[in-house]
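*Asks:* Chains as they are written, first to last, in my numbering: chain X, 1 to 164; chain B, 1 to 661; chain H, 1 to 488; chain Y, 1 to 107.
Quick caveat, the hints were computed from the structure, so don't treat them as lab data.
Don't take each hint at face value.
[Said to hold, decoys possible] Listed next, the stretches of chain X that the computed footprint assigns to chain Y, with coverage defined by at least 3 CB atoms under 8 Å from CB atoms of chain Y:
#1 68-75
#2 91-98
#3 142-154
[Said to hold, decoys possible] If we take Cβ atoms under 8 Å as the criterion, some of the chain X residues that face chain Y in the derived model are:
#4 Ile35
#5 Ala36
#6 Val40
#7 Ile56
#8 Leu59
#9 Ala63
None of the values given here were measured: they were computed from a predicted structure.
From the three backbone atoms N, C-alpha and C, an ideal C-beta is built for every residue, glycine too.
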Amino acid sequence: MSPEGLAFLALGAVAVGTALAALLVRELVHTIIWIATFFVALAGIYFLLEASFLGILQLGVYAGAVTILLLFGIMVTRRRIFSREAATGLSLHSLAIALLVVVLLAAVASDLAGGSNHTTIHSYAVVDLSTTLFGPYGGWLLLLGLVMLSALSGAIYLVREGRE
Amino acid sequence: MFDPYNIFDWAFLVPLLPALAFVFVGLLGPRLKRLEYGGWLAVGFGGAAMALGVTLAAEEMLSPGTYTDQQYTWLSLPGNGSGAFPNGFSLVVGTLVDPISALMLIVVTVVGFLVLLYSIGYMHQDRGLPRYYAELSLFLAAMNGLVLSDNLLEFFLFWELVGVCSYFLIGFYYEKPSAASAAKEAFLVTRVGDILFLLGIFVYFSTYATRGAAGGWAANGFPFVQGNAPYLAGAMGGHSTTLTIAGLLILGGAAGKSAQFPLHVWLPDAMEGPTTVSALIHAATMVAAGVYLLAVASLFLGFTPTDQLAIVAIGGFTSFFAATMALVNPDIKRVIAYSTISQLGYMVLAVGAGFAMVGLYHLFTHAFFKALLFLAAGSVIHAVGTQDLFKMGGLGKPMRITGFAFLVGGLSLSGIFPFAGFWSKDDILSSVYGTLATHPLYWPFFLMALVTVFLTAYYIFRAFFLTFSGSAPRDPGLGHAHEGAWVMTGPLLVLSGLAIVAGLLPFAHGFGSLLPGAGIPPNYGSTDLLLSGASLGLAGLGIGLAYYLWGNGRVFALADSSPAQPVRRLLLRRYYMKDAYDAVGTRGVYGLARGADFVERYMIDGTVHGLERAFAGLSDRLRKIESGVVLDYAAFLVSGLLFLLLFLLVIGPWVASNGGL
Amino acid sequence: MLPTLSILLLSLLAGTVLTFLAGKAARWVALGTSMLFLLEVGALLANFTWPGVNASGVPQYGFAESYPWITLPWLHISYTVGADGISLPLILLTAILQLVTVVYSFEETRKPAAWFGLVLLTCLGCFGVFISLDILLFFLFWELVLIPMFFLIGYWGGLNRRYAALKFFVYTHVGSIVMLVALLVTAFYSHAPSFDFAGLYGPAQALGVTTQVFLFAAMLLGFGIKFPIVPFHTWLPDAHVEAPTGGSVLLAGLLLKLGGYGLIRWGLELLPTGLVHDQPLLYAVAFASIIWGSVIALAQRDLKRLVAYSSINHMGIVLLAIAVDSNLGLLAAVLLMFAHGIVSALLFMVAGSVHHTFGSRDIASIHGITPRTPVLSTMVMVGSLASLGLPALISFPAEFGALLATWDRIGYWVLIPLLLLVVTAAFYLWMMQRMLFGPMEGVPEGARDVRWPEALAMSLLVALTVLYGILPGLLTNVIIHSPVYGLP
Amino acid sequence: MSDPISTASFLGLSGALLGVGLFGILTRRNFILLLISIEIAINAAVLNFVYFAAFSSTAASGLNGQAAAVVLVGLAATEIAVGLAIVLALSRLRGSINVAEATSLRL
């Protein structure tokens, strides 16, 4: 097995493990740590796939910004940071449903992908990506910006002082 | 075109004058200083209409012919060359004067004027005088319009209008529940006839409009032009069944208006109206319109032999049937009303046997002597305030003119020589007798008519003796009787004169010869002396019996144990026909309506409400799903995803393997 | 060429808006608007010429206007209006009923500005329906009528008004939707180039028999609920009983006519083959309405319910006259719609006045009112006699034509509507016997004859009843200037 | 690259991550955990985009995939921002961020 293969297996296992851990641990702050690790592991996979720009984006946006935001969220809603999440245990039928979805999805995917393996990993220059983003996807990007703007104002409206 | 120097072009004024009187009296009447003024206004307009009407009739007699004047296209539809009405059609309202309408014109305007005059005295205490005169004027307008109609549709239009005037006048004393009920009954029963008549018009009309390529009727509706009968028969071309049905439908209409069996029930009840109304509408004019219609139809449209037999049967049977009910009735007006039905039966019989002119002849004489009888009875009722024959008596002395008038009317009705009724009734009997050889099926109806002569003489003189003979009223509670004012006695005397001479008027006997053309049998009313003698004898027998039982203040009472009692009760109950109609009409149809209303409320609307409740319940249950919990929504989301995946995996391939959608 | 119809529409709209804003002067504004509108419609009638049928057989319209509205590659929607002999009498009816309704309710005191504004808005909607020649425009006006009527019933109505208003709304809205679907399917199935009448005419007529049969049946259901046809009629009595008098007048006088007009304009003209093949269904429905309306009216105690059921009967005759598919039938159908508009308006006003005067409309408990209220009683008589088809009053020529056309097509089946005429006469006469005649009973001490606005409004209608009864040619000469002429 | 990573294993990874996310969405009552679950699910999807972009046959479609991934990341970040604002508002209004208690969506 090639080093890339090994790296993929390792990173994949870390990602699944940390995701599960993030949801199952009792301390909310531990959740943040696990989810940050999850984001970093995913970024690693992106690097592995030679999508370095997306990897950096993942690190910056998720592992950095989102994690900090979540942390802040916990801080302002809890009196003590190390408070225990009211454990809800492991609901068996929810787990079954989730597994069912995964299995069905896998079945559909195997139908679609047919198990064929590709030989080459394409890597793209950031310039090309930005040309694509601002070229054919320009309109959509603009729309995304508008969505972000309205979301931002909505968020500010929601949390502004004096609103009861 | 309108020609001001042609008197026939002014015929439209005959209906228009009373119509103007209706408008004036109706609007101004209640505001005049004295209520009679409105009455005199109506009398004035009625007099003018009479003058014009009689002049027109005289002109017609001097120069016989058919004078039409079409003033106004009432409704028109342009033809488009195909389909049901290829030539289109236009319905015209105009006037037509011919011998028979001239005859009717005399009857309507003269009797109308006399009744208007008489009413001044008869109705003078009534608060509703302006209403009375307005309605009576409207009736006269409509009746004159009917007489002068130049086509069937216009005829029907006025036919309905006289019906509604009759409705209002029967219900004149509307505070009396019986009057209101009688008015409704009259309208409804005649309406049944009207419906049949209307369908008859349809049959004639569309048969013509579709087949009458030559224009003529198709373009102009229904002019009563002579000689249409053969044309019609040709146009219907072998459709003798259609022709028969059309004739029967016309008969149905006539039976409703002229109170022939089985639609006769309304006329006796119509006596709830003022007596003057009974004289004008329910004796002389409106009820005769049915006979007039039959006569016109037989002359211009033509009846098949089957139709004729039906008409003869209805007429003959009705004359006898109604006369029997008059035998026992204690109400002076109802006796005369039954007699009217019976006499109308005679006319129908004559028309049915093919002698339209003979029927109209009797219509003419009957109008005068029957109006006379009613007005005389009205005079009596006005004087004593009751209609019950058994309370009256001995009125001959204080009311000489009235008594004389009633006697003249009675003799004329009984057909005693040389009163008017003798000539016309004799004509009917002898002309029908003449057809028996070729139409043996007419025999029973001829015999009924013959027996009716005896019955007629008996019942009218029973009424006469009960009212006028004897020394004093049987009911001492009756007020002091006295003769009315000149406005009442004057018309009585004029009508008495007419009742004596109407049969002899030069144009009356045999006036059919004034109407040349197809449809009129050349020889009618061959005077058979034997038959005349027989009918005179029967009438004399009837008068004698009446005198024996009721004369000189005698009152004949049937023993309680007499076997004739049940018959008497049957006659008093009018053969239970009215009860049967009430049962069907009131209980049957109204019950049906109540049932339908129940279905409406609880089944149709119930279904709607049930649906509403079902949907409300369903939505109540469905909205429980909307718990508001975000997690539940997430669960729905996942279920949706699951379903989608299942679809992709299972259903999609299954559909694909079964040959696609 | 002046945009005549648009000017009329705008003047009415301006009047309506002004009425809403006028506050206490609303009734005067409404009166002025409706008188002006009547004058305008009179001028319209005087200047009307029918351009006939064009070279490809499409009927043309007088005062036609067309402006593009929504233009997509596959859809051309336009503001197209016009009038012909079928719509003009109904436009005249709209103007007349608008005026008499305003006059009748001149002394309305509850929110007068809203009342008069809604009355005018209803008439505006009806006018729009009668002139629209584009599916979308037609549907917009059609729906516009529902809203003011909903509020007229729902706010000014009787005790049970909310139920009635909702029932009215739901029923007629279901009808609207079925109608819209039928119209759209007609347009799309036939690949019509546009939504306007001229664009639809040829393609729709070329549709296959089966398609036309189903489409016409759908239109019968959609328009028929407005008619209303049995068994989708139960909203009508409830709506009438609860509606205020002015609302009843507009409801019976105008709204029912929308159904008849729609069925003629979009059903009979566009889908003639469908009509012919649906005739058995149409006859069955028409006979059911005629019989049911008449028989049930006999059992009613409430004067308004009675008149409402007689409306069902009369609209059944209208449906019958449409169903026979002949020139005379269509002529009679339009004439009868006009006649019924006038007569039912009169009768509902009478019922309203009876209610105002005696505090009840119960035939079984009010008796012998004639001596106390002679004017009102006269109106009852004239209205009833007109409704039962007396000659010289307006309904007779129409009913005569309808029945003659029926006879011409289906022969002795005409006995059914003919015999039901007797029943119609029976329930009116019975009502008159009980309410007007006999000894006085159930009349409150202070009961006085009708007030002047009510008397004036009713007198106007009586005058029209007599005028058009004696001179029906005034209307029929207008009606024949339409596709009526071309029918077999 | 001599030893490519198999498509099946990649799909398996992203499927597994989606499953974890769904499991969280279905079971967690804490709003913040709910948000995190959603993020996991979204990241599973992004992973797919990136993978198929890397192995796509043409450069253009690969760039399209990466562009979609960028947009997705942006949307997810936005969603987190709004979500946290809702968390804040919720905790201020109700003093609890248990989603099961927030039922005002119901009529």
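*Asks:* Okay, which hints does this one fail, numbers in order?
*Replies:* 5, 6, 7, 8 and 9
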